[in-house]
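Colleague: Chain by chain, the residues:
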Amino acid sequence: MHHLLRQRRDARFAGVFALLVLMVSLGGCATTPSLSAEAARSLPDRVFVEDVPFHGQREYQCGPASLAMALAASGVDVAVDDLIPQVFLPGRQGSVQPEMLATVRRHGRIPFRLEGGFAGLLAELDAGRPVVVMQNLSLPWWPEWHYALAIGYDRPAEQIILHSGMTPQRRTGFARFEATWARSQRWGFSALTPGKMPQHVDPDAALRAISNFSEVQGPVAALPAWQALVERHPEQAMAHFALGNARYANGHVEAAIDAFREATDRNPGMGEAWLNLGLLLQAQGRDAAAQKALEKAADTSGPWQQRARQELKQRQKQRST
Amino acid sequence: MKRLSRLISPLLIAALVLGSLPAVAATSQNELVGTAEALDARTLKDDRQRIHDVLAREDVQRQLALQGVDADEVESRLAALSDAEVSEMAERLDQMPAGASVVGALFAAFVILLVTDILGLTDVYPFTR
Numbered sequence: 035m036h037h038l039l040r041q042r043r044d045a046r047f048a049g050v051f052a053l054l055v056l057m058v059s060l061g062g063c064a065t066t067p068s069l070s071a072e073a074a075r076s077l078p079d080r081v082f083v084e085d086v087p088f089h090g091q092r093e094y095q096c097g098p099a100s101l102a103m104a105l106a107a108s109g110v111d112v113a114v115d116d117l118i119p120q121v122f123l124p125g126r127q128g129s130v131q132p133e134m135l136a137t138v139r140r141h142g143r144i145p146f147r148l149e150g151g152f153a154g155l156l157a158e159l160d161a162g163r164p165v166v167v168m169q170n171l172s173l174p175w176w177p178e179w180h181y182a183l184a185i186g187y188d189r190p191a192e193q194i195i196l197h198s199g200m201t202p203q204r205r206t207g208f209a210r211f212e213a214t215w216a217r218s219q220r221w222g223f224s225a226l227t228p229g230k231m232p233q234h235v236d237p238d239a240a241l242r243a244i245s246n247f248s249e250v251q252g253p254v255a256a257l258p259a260w261q262a263l264v265e266r267h268p269e270q271a272m273a274h275f276a277l278g279n280a281r282y283a284n285g286h287v288e289a290a291i292d293a294f295r296e297a298t299d300r301n302p303g304m305g306e307a308w309l310n311l312g313l314l315l316q317a318q319g320r321d322a323a324a325q326k327a328l329e330k331a332a333d334t335s336g337p338w339q340q341r342a343r344q345e346l347k348q349r350q351k352q353r354s355t
Numbered sequence: 085m086k087r088l089s090r091l092i093s094p095l096l097i098a099a100l101v102l103g104s105l106p107a108v109a110a111t112s113q114n115e116l117v118g119t120a121e122a123l124d125a126r127t128l129k130d131d132r133q134r135i136h137d138v139l140a141r142e143d144v145q146r147q148l149a150l151q152g153v154d155a156d157e158v159e160s161r162l163a164a165l166s167d168a169e170v171s172e173m174a175e176r177l178d179q180m181p182a183g184a185s186v187v188g189a190l191f192a193a194f195v196i197l198l199v200t201d202i203l204g205l206t207d208v209y210p211f212t213r
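Sequence order for the protein chains is G and X.
Offset between the first sequence (1-based) and my numbering: plus 34.
Offset between the second sequence (1-based) and my numbering: plus 84.
Be aware that one or more of the hints could be misleading.
Unchecked claim - Here are some of the chain X residues that sit facing chain G, going by a computed Cβ distance under 7 Å:
id	residue
1	ALA122
2	GLU157
3	VAL158
4	LEU165
5	MET173
6	PRO181
7	VAL195
8	THR206
9	ASP207
As the list claims (entries may be wrong) - Non-contacting residues of chain G with respect to chain X, defined by C-beta distances greater than 10 Å in every case (computed):
id	residue
10	SER100
11	ALA106
12	GLY109
13	VAL110
14	LEU171
15	SER218
16	GLY303
17	THR355
Hints were generated in silico from the structure; no laboratory data involved.
Beta carbons: idealized from backbone N, C-alpha and C, even for Gly.
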C-alpha cells in the first residue's frame, strides 16, 4: 500500500517535471510578431485578396488543396484530384516542400520562396498575391505539418486570414499563427505568372527560381520572367545574361546581342557574357566586333577562357584559308 | 546502395567524360553558354557534383516509386525538380516534413497540446478558441 502511494507521488513529480521542461523548452509564450516602423507605416490596416476559390482538403490532402487554390489565384484552373497524383506521397501520407514547388512549375507558374518573414508575408498579401505557408500546428515533438493559403490580414484585430483545411477564410491570431509558422522556418511561396515578381526577392534566389522554371517549361515560357527580373534588378549582370539567352532561344538575335552587351557593361569581368556576345556577333557576320568580344572573353580568367581561346584560334584558321 | 554507387560511378564518369569530349572537339558554331550552366559554374559545381546529381536523381526516382507514386507519374515529378531539390530529397526525404495535418497523438500529447493550444502556441484543436 505504502509502496503504491509512493509510486503515485513519484508519478506526479514526473508529471510536474515534464510540464516544467515543456514550458522551458518552448521558451516563453506566443508573442505577436512586430513589424518594423517602415513596414508598419507602409502596409494598410486590412488586406483581403478577393476571389480566391476555396478547395477543402480531404484527409492528408492539404498540399494538393493549397496548390489548387494558389494556382487558381494566378489563373490556372486545376482540380485537386489532378494534383494529388502529382504532389502527394502516399508513403508519407503528405506532400514535401520541394515537390510543392516542382508542381507549380509543371503548371506554368514560377514558385518564388517567400522572403522577409512576417512583414514579407503581409507585403505579398498587400500586393494582391496569396501565399502558401507551411505550419507545424502542433509541437516539434509531435509535428502536425500543414499547408494553408494565406489570403489576407487584419492588423487592428491582429488576425491572419487563411484558407485552411476544411475552413475557408479562417481567422487566426497573429501570435498563434507566428508560433506555428516559425516552426517551418517561416516557409512559404507564391505561384506567379512569368513576368510577375514578388515584393521581396533576393536577386540570386530569383535567378535560380526562374532558371529552374526555364529548365522545366523552356525558354519561351520563361522570357517574360527574365524581362521582369532585369527591370527589377538592372544592376545584375547575370540577369541580363539570362535575358540574352532567352531572347536568343526565342529567335531574337539582335535583342540578345543587346542584352549580352548590357551584361558586359554591368560586369566587364563576366567571361561568359563576352563569349556569348562574340559568338552571336560572329554568326551575324559582324567580324570586327566579334573579334573584340572574343578577345575580351579569352582574356578573362574563369571556366570559359579555354573555350574563348579555341574560338579565336578557329577564326584565325578560317581567315588564313 | 553503396555497392550500387561503386558500380555505377565509374560507368557514369566514363559516360560523362565521353559525352563531353565531342563538345570540346567540335565547338560547333553558335553553341552559347546556357544560363543554368553559367549559374552552376558560379557555384563551382564540378564534375563530382554532377555525378552526384545524376545518382541523386536515380535515388529519388526509386524512393518516389517506393513511397507509392504511380509509375507513369514518377518521371514527370522527377523532371519538375531542380538539381538542388533532388539532392535535398535524396539526402533526407525520410525526415522531411510532409504537410498532411494529422497528428499521431498519444493521450499525453493530447493533454499537452490542449494546454499549449490554450496558451496560443499551437493550433491543433479548433474548439480551444
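Colleague: So, for every hint listed, does it hold in this structure?
Modeller: To see whether the hints hold, each was checked on the structure:
1. ALA122: holds, 5 Å
2. GLU157: holds, 5 Å
3. VAL158: With a closest approach of 10 Å, the X:VAL158 hint is violated.
4. LEU165: holds, 5 Å
5. MET173: Where the cut-off is 7 Å and the nearest Cβ of chain G is about 6 Å from X:MET173, the hint holds.
6. PRO181: holds, 4 Å
7. VAL195: violated, 10 Å
8. THR206: This hint holds: X:THR206 lies near chain G, its Cβ roughly 5 Å from the closest one there, short of 7 Å.
9. ASP207: At 5 Å from the nearest chain G Cβ, X:ASP207 passes the 7 Å test, so the hint holds.
10. SER100: violated, 8 Å
11. ALA106: Given a closest Cβ separation of 18 Å, the condition holds.
12. GLY109: At about 19 Å from chain X, G:GLY109 clears the 10 Å cut-off, so the statement holds.
13. VAL110: holds, 14 Å
14. LEU171: Answer for G:LEU171: violated, closest chain X Cβ roughly 5 Å.
15. SER218: Per Cβ check, G:SER218 is inside 10 Å of chain X; nearest 7 Å; violated.
16. GLY303: holds, 12 Å
17. THR355: holds, 16 Å
The structure is inconsistent with the numbered hints 3, 7, 10, 14, 15, although it conforms to all the rest.
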